[in-house]
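Trainee: Sequence:
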Amino acid sequence: MKALHFGAGNIGRGFIGKLLADAGIELTFADVNQTVLDALNARHSYQVHVVGENEQVDTVSGVNAVSSIGDEVVDLIAEVDLVTTAVGPVVLERIAPAIAKGLAQRKAQGTERPLNIIACENMVRGTTQLKGHVF
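This note's numbering puts the last residue of the sequence shown at 377; the count rises by one with no breaks.
Keep in mind that a hint or two might mislead.
Label pairs and their calculated CB-CB ranges [unchecked claim]:
(1) Met365 - Asn296: 29 to 35 Å
(2) Ser309 - Pro356: 33 to 39 Å
(3) Asn358 - Val292: 34 to 40 Å
(4) Glu295 - Ala350: 22 to 28 Å
(5) Phe377 - Ile311: 16 to 22 Å
(6) Gly374 - Glu297: 28 to 34 Å
(7) Asp323 - Phe377: 32 to 38 Å
(8) Asn252 - Glu314: 39 to 45 Å
(9) Glu297 - His375: 36 to 42 Å
(10) Val366 - Asp300: 29 to 35 Å
(11) Asp313 - Val333: 16 to 22 Å
FYI, nobody ran anything at the bench for these hints, they're computed from the structure. Where is the CB? At the ideal position from N, CA and C, for every residue including glycine.
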């Protein structure tokens, strides 16, 4: 299974990305921060400090990254099984056009497998609001 996650910040990498990677999902991050993209693509991994009774440092490996602006992210949306976001409520509207283009490309390619899209945002009905921006 392949996933594309919009937002390579603390929540994206430390929570959603780790969760997806721990589930064995092939993960690509999409972001606008070129420094973060370059670091992820150079190492194909990153560390997460898991706090609690016994703190530990986990390494999330096998990850890639692309710019969230441009055709590459649209191509990925057309081929992945899952799209997630952790970009902040205000940014959902900005990533919606890329998602819409990716959905159109999936349809044009004749892709019939479902695409699950989950907005992991600190807001009420984030996925519903994202859907409103996409359609």
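Trainee: Could you work out which of the previously given hints the structure breaks and list their numbers from low to high?
Mentor: 2, 3, 4, 6, 7 and 8
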